[in-house]
Each structure stands twice: as C-alpha cells, then as structure tokens.
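Enquirer: Top to bottom, those sequences are chains A and B.
Using the working numbering, read the first sequence as starting at 1 and increasing by one per residue.
Using the working numbering, read the second sequence as starting at 1 and increasing by one per residue.
Derived from the structure by calculation, the hints contain no laboratory data.
No experiment lies behind these values; they were computed from the predicted model shown.
Ideal Cβ placement from N, Cα and C applies to all residues, glycine included.
There could be a bad hint or two in this list.
Unchecked claim - Below, a sample of chain A positions facing chain B; criterion: calculated Cβ distance under 7 Å:
id, residue
1, 15
2, 17
3, 18
4, 135
5, 143
6, 146
7, 148
8, 172
9, 191
10, 192
Below, each chain spelled out in residue letters.
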Amino acid sequence: MIRGLIITVSTGGVLFLGVLGYTVSAAVRVRVLSPIQFSLFFAAILALFLLDFFMYRGARIIGEPRWGQMPERSQYALIGITVTFTWLTMKTGVLKLALIVIVLNLAFLYIGIEYLPQSESRPPKTIVLKPGISQADLVSIGEKIVFDKGQCMVCHSETPSTTERAPAMATIGAEIAREAKERGITPEQHLFESLVSPVAYIVKGFKT
Amino acid sequence: MPAANESPTSLTDGEIIAMAAYLQSQGSNVTVSYPGSVPLLKAEEAKAARGEKGK
Numbered sequence: 001m002i003r004g005l006i007i008t009v010s011t012g013g014v015l016f017l018g019v020l021g022y023t024v025s026a027a028v029r030v031r032v033l034s035p036i037q038f039s040l041f042f043a044a045i046l047a048l049f050l051l052d053f054f055m056y057r058g059a060r061i062i063g064e065p066r067w068g069q070m071p072e073r074s075q076y077a078l079i080g081i082t083v084t085f086t087w088l089t090m091k092t093g094v095l096k097l098a099l100i101v102i103v104l105n106l107a108f109l110y111i112g113i114e115y116l117p118q119s120e121s122r123p124p125k126t127i128v129l130k131p132g133i134s135q136a137d138l139v140s141i142g143e144k145i146v147f148d149k150g151q152c153m154v155c156h157s158e159t160p161s162t163t164e165r166a167p168a169m170a171t172i173g174a175e176i177a178r179e180a181k182e183r184g185i186t187p188e189q190h191l192f193e194s195l196v197s198p199v200a201y202i203v204k205g206f207k208t
Numbered sequence: 001m002p003a004a005n006e007s008p009t010s011l012t013d014g015e016i017i018a019m020a021a022y023l024q025s026q027g028s029n030v031t032v033s034y035p036g037s038v039p040l041l042k043a044e045e046a047k048a049a050r051g052e053k054g055k
C-alpha cells in the first residue's frame with residue numbers, strides 16, 4: 001500500500017505540474033515547476049529504494065535473480081520514464097538537450113532490460129510426487145512449499161514472537177501433536193483439517 | 001488463512017501431504033506418507049466441502 005501511495009503521489013504530482021506548466025510563463029515553468037517535478041521523481045525512487053531496503057533486509061532468499069529478464073509492466077514503466085523525462089526537457093525549449101536525454105534514456109532502457117535483475121511473476125509449478133516417496137524427501141519438498149508456493153510465511157513466523165498472526169513454524173509439529181491429543185483425534189487428521197479447513201479449529205491465542 | 005487446496009495456492013493432494021510432513025517434522029514424528037495419507041486427506045477435504053466444523 002505504501003509503495004502504491006508513493007507511486008501514485010509522485011506520478012500524479014509530475015503529471016499535474018506538467019499540465020500546469022502550459023498555463024504559466026516559461027520562466028516559472030523552467031525555474032519552479034520543472035525542478036519540483038524532477039525532485040518528486042527522484043524522491044519517489046529514493047523512498048521506494050529505502051522501503052525495499054528495510055522490508056527485504058534479512059529476508060530469506062528463495063530463488064536466484066534472473067538476469068536479463070523483465071516483466072512487460074517494467075518495460076512499460078521504463079518507456080514511461082523516458083517519455084516523461086523527454087517531455088519535461090522539451091518544455092524547457094532546449095531541443096538539443098532533449099536529444100541528449102533521449103539518447104541517455106535509450107541507453108538506460110537497454111541497460112535496464114539487458115542487465116538489471118528482475119523478479120517475474122509466473123504461476124508456480126505443480127510438484128508431482130512419486131508414490132512411495134521417502135519421508136525425508138517428503139519433508140524436504142514440504143519445506144520448499146511452505147517457504148515458497150504455499151506462502152505460509154506471510155502469517156507464520158519461524159520462531160515464536162509476540163506479533164505473530166499464526167503459530168510459529170519451529171514448534172508447530174509439537175503443537176499439532178498436543179492439540180490433536182486434546183481433541184481426541186490423530187495428528188494427521190488435525191493437520192489435514194487445519195490445512196483444508198482452517199476455520200474448523202482455531203488455535204488458542206489466535207483469531208483466524 | 002486460506003484453505004491450502006483452494007485459491008490462491010491451490011495445492012495438490014501430494015503437495016499438501018508434503019507440507020504436512022514438513023510441519024510434523026518441526027518438533028514431532030512424521031507420520032504422514034504419500035500416497036498412504038491421501039484417503040484421510042480426501043476425507044478431510046470432503047468434510048470441509050460440507051462445511052463441517054471441528055470439535
């Protein structure tokens with residue numbers, strides 16, 4: 001939500017000031033509005049960088065960056081940046097500078113597409129298990145699903161904490177066995193019920 | 001939490017059993033197996049579809 005707000009405010013601000021620029025004198029447009037537009041743009045980039053830096057600090061790495069690949073929306077964003085910068089520069093009336101900016105932005109676009117690591121959203125692959133798979137392999141595959149495709153860590157934490165929204169992973173097996181015993185059912189039954197019908201039994205101390 | 005066999009994760013029976021095995025391994029003995037645990041999982045899925053509450 002914060003990311004969306006930063007992008008919306010900066011984009012809206014740049015566009016608003018850009019349109020406003022056509023209603024004021026060239027001096028105001030060049031000396032006042034354009035610097036504010038550029039400042040908004042760079043402030044947004046800086047804010048998003050800081051946000052990502054703190055959000056992803058210490059995050060578990062679940063995959064390698066794919067170099068040279070870029071989602072379509074990122075390509076549109078880069079082209080949008082090029083157009084915006086060119087537009088802003090054209091407003092100053094310096095055509096020569098505009099050409100330089102176009103060349104620089106094309107170079108930036110090329111570097112962005114070819115060399116920057118990108119994360120691309122693709123549907124996760126279905127994991128097919130072989131009948132009779134060993135429990136060790138089952139656990140190993142299960143761990144990958146928990147930390148990736150299953151998206152379990154959105155709510156669960158690895159170790160107990162006061163702010164967790166769901167039981168901690170580190171002790172969840174023991175908790176499942178204890179709760180199943182209290183309910184008079186098998187751990188497998190309790191576990192499968194929790195996975196396919198999460199609201200059927202709410203663990204004490206949690207809301208959902 | 002959304003049901004593991006429904007959107008957005010839509011895990012298969014095998015994937016749910018693998019996940020259950022990992023969860024059990026966190027402090028307890030792993031007792032689920034594939035495909036041995038499929039009938040029990042199917043039964044729980046059927047209960048969930050009927051909207052039955054746990055005790």
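Enquirer: Now tell me if each hint is right for this structure.
Expert: Right, here's what the structure says about each hint:
1. 15: With a closest approach of 33 Å, the residue 15/A hint is violated.
2. 17: For residue 17/A, the interface hint is violated, since the closest Cβ of chain B sits about 39 Å away, which is over 7 Å.
3. 18: 38 Å, violated
4. 135: Because about 5 Å separates residue 135/A from the closest Cβ in chain B, which is inside the 7 Å limit, the hint holds.
5. 143: 5 Å, holds
6. 146: Residue 146/A check passes; min Cβ-Cβ to chain B is 5 Å, inside 7 Å.
7. 148: 10 Å, violated
8. 172: It holds, given that the least Cβ distance between residue 172/A and chain B is near 5 Å, below 7 Å.
9. 191: Since the shortest Cβ distance to chain B is 5 Å, the answer is holds.
10. 192: Holds: closest Cβ of chain B sits about 4 Å from residue 192/A, inside 7 Å.
Violated hints, in rising order: 1, 2, 3 and 7; the structure is consistent with all others.
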